[in-house]
Amino acid sequence: MAVTPPVQRIWWKEPIERVELVWTALAFLWGLAMFSTMIVWHVVGKQNLANEAYRISPQTFIARADAFAEKYKVREEANTGVPVVRPPAGADIYLLGRLWEWWPVLELEKGRTYRLHLSSIDWQHGFSLLPVNINIQVHPGYEHVITITPDQLGQFGIVCNEYCGIGHHQMTGKIYVVEPKPQ
Amino acid sequence: MTSIDIAAGRAQAGREAKFRTCPFTGLKVDLAAQRLIVANAVAAVIFLAVGGLFGLLVALTRWPAVHLLPAEWFYLVLTGHGANVLLFWIIFFEIAVLYFASAILLNSRLATPRLGWLAFGLMVVGAAMANVAVLQGDSTVMFTSYPPMKAAPHFYLGLILFAVGALLAVGIFFATLVIAKDERTYEGSVPLVTFGAITAAIIAVYTIASGAVILIPTFLWSIGIVGNIDPLMYKVVWWGMGHSSQQINVSTHVALWYAIAALTVGAVPLSEKVSRTAFLLYILFLQLASAHHLLVEPGISSEWKVFNTSYAMYLAVLGSMIHGLTVPGSIEAAQRRNGFTKGAFEWLRKAPWGNPAFAGMFLSLVMFGFIGGISGVVLGTEQINILMHNTLYVPGHFHGTVVAGTTLAFMAATYLILPLVFQREVAFPKLAKVQPYLFGIGAAGIALFMMGAGTLGVPRRHWDITLTDASIPYEFAAGAFLMMGLNGLFAILAALGGIIYIVVVVASVLWGKRVDPARPAWQFPVTSAAAANVAKYGSHATVKLPGTIILVGVFFVAFMLYYYVNWKYLSAVWPLR
Chain A
5 MAVTPPVQRI
15 WWKEPIERVE
25 LVWTALAFLW
35 GLAMFSTMIV
45 WHVVGKQNLA
55 NEAYRISPQT
65 FIARADAFAE
75 KYKVREEANT
85 GVPVVRPPAG
95 ADIYLLGRLW
105 EWWPVLELEK
115 GRTYRLHLSS
125 IDWQHGFSLL
135 PVNINIQVHP
145 GYEHVITITP
155 DQLGQFGIVC
165 NEYCGIGHHQ
175 MTGKIYVVEP
185 KPQ
Chain B
43 MTSIDIAAGR
53 AQAGREAKFR
63 TCPFTGLKVD
73 LAAQRLIVAN
83 AVAAVIFLAV
93 GGLFGLLVAL
103 TRWPAVHLLP
113 AEWFYLVLTG
123 HGANVLLFWI
133 IFFEIAVLYF
143 ASAILLNSRL
153 ATPRLGWLAF
163 GLMVVGAAMA
173 NVAVLQGDST
183 VMFTSYPPMK
193 AAPHFYLGLI
203 LFAVGALLAV
213 GIFFATLVIA
223 KDERTYEGSV
233 PLVTFGAITA
243 AIIAVYTIAS
253 GAVILIPTFL
263 WSIGIVGNID
273 PLMYKVVWWG
283 MGHSSQQINV
293 STHVALWYAI
303 AALTVGAVPL
313 SEKVSRTAFL
323 LYILFLQLAS
333 AHHLLVEPGI
343 SSEWKVFNTS
353 YAMYLAVLGS
363 MIHGLTVPGS
373 IEAAQRRNGF
383 TKGAFEWLRK
393 APWGNPAFAG
403 MFLSLVMFGF
413 IGGISGVVLG
423 TEQINILMHN
433 TLYVPGHFHG
443 TVVAGTTLAF
453 MAATYLILPL
463 VFQREVAFPK
473 LAKVQPYLFG
483 IGAAGIALFM
493 MGAGTLGVPR
503 RHWDITLTDA
513 SIPYEFAAGA
523 FLMMGLNGLF
533 AILAALGGII
543 YIVVVVASVL
553 WGKRVDPARP
563 AWQFPVTSAA
573 AANVAKYGSH
583 ATVKLPGTII
593 LVGVFFVAFM
603 LYYYVNWKYL
613 SAVWPLR
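In the order they appear, the protein sequences are chains A and B.
Those letters in the first sequence? Residues 5 to 187, by the working numbering.
Those letters in the second sequence? Residues 43 to 619, by the working numbering.
In short, the hints are calculated from the structure, not lab data.
Treat each hint with caution, since some may be false.
Keeping only pairs whose Cα atoms sit at most 25 Å apart, straight-line, the calculated SDA-like set for lysine to any residue is [claimed, not checked]:
#1 A/K50 <-> B/V607
#2 B/K315 <-> A/W34
#3 A/K75 <-> A/Y180
For clarity, every value in this text was computed on a predicted model and none was experimentally measured.
All chains, full assembly: derive it from the sequences and hints.
Structure (C-alpha cells):
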C-alpha cells in the first residue's frame with residue numbers, strides 16, 4: 005500500500021504496464037503539442053504581446069503624455085474634463101495609469117496601427133480593455149510599448165484590474181474606435 | 043574514531059521516545075510526534091475558520107444584489123482571506139502531514155520535538171502578528187503585497203516569522219527521515235506517501251528561501267532601511283514563493299490521495315516506479331511557475347515566458363496527468379480485487395461514497411483535474427493569458443486547485459486523522475457524511491462561476507463592478523452579474539460545508555468518544571479484502587482498468603477542446619505585437 009514500504013524492494017526495475025506507458029506517452033506528446041502551439045503562434049498568430057519596454061521615470065512619462073494630449077486634443081469627455089485625444093494613424097500614443105484614472109481618453113481609427121505607450125506613475129495598475137478582454141499589467145518605472153490595431157468600431161471601457169488602494173473600483177478610462185479618415 | 047563510538051554517540055544523543063501501538067495499523071506512534079501533529083492540525087483548523095469567514099464576507103460583497111461590506115472593509119477582509127487560508131491553514135496542515143508521513147509512517151521517533159514546538163510557536167506568533175497588522179487596517183495590500191504599495195512592518199515580519207517556523211519544521215521532517223533510516227525502523231524504500239511528502243518538503247525549502255529573499259528586503263524597506271524595491275523584480279521573486287507554495291500543496295494532496303485510497307479501499311500503487319517518477323517531475327519542474335504571473339508584464343522576453351510558464355515543455359503537467367491515471371487506477375484495481383468487477387464502473391458505483399474520507403478524496407481528485415488543472419494550463423499559456431490576467435478567472439482557477447483540490451483533500455484526510463492520531467470517533471457521523479459533498483459542490487461552483495465572470499472581463503479584487511463611483515462609466519454584460527450572484531450562492535454552500543467540517547472536528551476533538559480498539563466504528567482499510575489479497579503488480583500480463591481508461595479519456599478530450607477553444611477566442615482579439 006502507499007502507506008507502507010514498496011512490496012518489491014527493487015521497485016525501480018519492475019516493468020511498466022501498457023496502460024501507464026501509453027498514457028504517459030500521450031500526455032508527454034500533448035505537452036509537446038501545447039509547447040509548440042505557443043511558438044507557432046509567434047509566427048502565425050496576430051496576438052503576441054510586445055517585448056519592447058524601457059525604464060522611465062514617472063516625471064518623464066507624465067511630460068510625454070501631457071505633450072501628446074495637448075497636441076492632439078479634440079474635445080473633452082462629457083462631465084469629466086478629461087481630454088479626448090485623436091492622434092493620427094501610426095502615431096506614438098500614451099496612456100497613463102494613476103490613482104485613480106486612465107488618462108487621457110483616446111480616439112483611434114479602425115484598422116490603423118498605433119504604438120501604445122503604457123506606464124503607471126504611482127502604484128501598479130491593471131490595464132483591462134473591455135469587452136475586448138485585453139489585460140496587461142502596468143508597472144511604475146517601466147514603459148511598455150505595444151503596437152496595436154483596433155479592428156472593431158465602438159466605445160471601449162478600460163477598468164483597473166490590479167488592486168491599487170481604496171479608489172481601485174473608481175479607476176476607469178475609455179477608447180473610442182471610429183471610422184478611419186480616407187488617407 | 044571507530045564506528046562503535048559513533049553508534050554509541052548516536053544512542054546517547056537519541057531521545058528516549060514514548061510510543062503507543064496503533065490498533066489499526068500496528069505502527070508505533072511516537073507520542074511526542076502525535077502531540078505535535080494534533081497541535082498543528084488544530085491551529086490549521088482555527089485559521090481555516092477565520093479565513094473561511096473572511097472568504098464568505100468577500101463573496102457576499104461581490105454578489106451585486108447583496109454588496110455586504112463597505113469598500114475599505116472589503117479590501118481589508120480580502121487581504122486577510124488570502125493570508126489565512128492560502129498560507130496559514132494550508133501550511134499548518136502540511137506540517138502535520140509531514141510529521142505524520144515521517145515519524146508515524148516510518149515507525150520512527152520524531153527528531154527534536156522541542157524544536158518542533160519552537161517551530162509551532164514561531165508560526166503561531168507570525169500568523170497572529172500578520173492578522174493583527176491586517177485588522178489594524180494599515181496593511182490592506184492584498185496577499186501579494188506588490189510594491190510600491192506598502193504595509194505596516196509587522197505585516198512582513200509576521201510572514202517572515204511564520205516562514206522561519208515552517209522552515210524549521212521542514213528541517214525536523216528531514217532529520218526524522220535520517221533517524222528512521224539510521225535506526226532501521228522500516229524495510230527497503232520509504233512508502234509512496236512519504237515520498238510525496240519528501241517532494242513537498244523539498245519544494246517547501248525552495249519556496250521559503252524565495253520568500254526570505256524577497257520579504258526580508260521588503261520588511262527593511264517598510265522600516266526605511268532599504269530605499270527602493272523594484273516592482274518587477276519583486277514579482278519575479280515573490281511568485282517563486284507564491285506559486286511554489288501551491289506546488290507544495292499539490293504534492294501534499296496527491297500524497298494524501300494515495301494515502302486515503304490505501305486506507306479506505308486498500309489501494310496499492312499500480313507501479314511504484316511510475317508514481318515516484320511523477321513526483322520527481324514535480325521536484326524538477328514545478329518551481330518554474332513563477333512565470334505564470336508575469337506573462338503580461340513589460341520587460342520580460344517571450345523565450346523566458348514560454349519556457350518557464352510551460353514548466354519546460356509541460357513536464358510538471360505530465361507528472362499531474364500521470365497521477366491522474368494512477369490514483370483512480372489503483373482504486374479501480376483495488377475495488378476489482380474487492381469483488382466489484384461488473385462492467386466498466388461497478389468499482390466506482392460501489393465505492394464507499396458514505397465515507398467522507400473517500401468521498402472527499404475522489405471529489406478532490408476529479409475537480410482538481412477537470413477544473414483547477416485544465417484552467418491552470420490554459421491560463422498559463424503565454425499568449426492566452428492576456429485574455430484572463432487579473433480577471434476573476436484567476437481566482438476561479440485557484441479556487442479549483444486550492445479549495446476544491448487541496449482543501450477538500452485535507453478535509454477528507456481529517457476523517458482518517460481523527461480516529462488514527464487523535465484517537466477519537468468522528469462526531470456527528472451523518473453530518474460528516476454530507477460535508478465533502480456540500481463543500482465540494484460549493485467550491486466547484488465558486489471556481490466555475492468566477493471563471494465565467496472572468497471571461498466576461500470582471501476584474502479580481504474589485505469592490506464594485508457597477509462602477510458607480512467612477513467618472514467614466516462602463517457597463518458589464520448582464521451575464522457577469524448573474525455569474526457573481528451564482529458565485530455568492532455557491533460560496534454559501536461551501537461555507538456551510540466548511541462550518542460543518544469545523545463543528546465536526548471541534549466536537550470530535552473536545553467531546554468525541556475515544557476510539558475503542560476492540561470495536562472501532564471505522565475499519566482501515568474500509569474494505570480489507572484487498573489488503574490481505576495483494577497481487578504483486580507486474581506479475582500479471584495486463585491489468586485491465588477499463589473504467590479508469592474511460593475517465594482519463596474524457597479528461598483528455600475535455601482538456602484538448604478547452605485549450606484550443608481559447609486559442610480561437612484569442613484570435614478574435616485586436617491584433618497586437
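Verification of the hints:
The suggested pairing of A/K50 with B/V607 holds, with an alpha-carbon distance near 16 Å, which does not exceed 25 Å. For a cut-off of 25 Å, the pair hint linking B/K315 to A/W34 stands: about 22 Å separates their Cα positions. Taken as a hint, the A/K75 and A/Y180 pair is honoured in the structure, with Cα atoms around 18 Å apart against an allowance of 25 Å.
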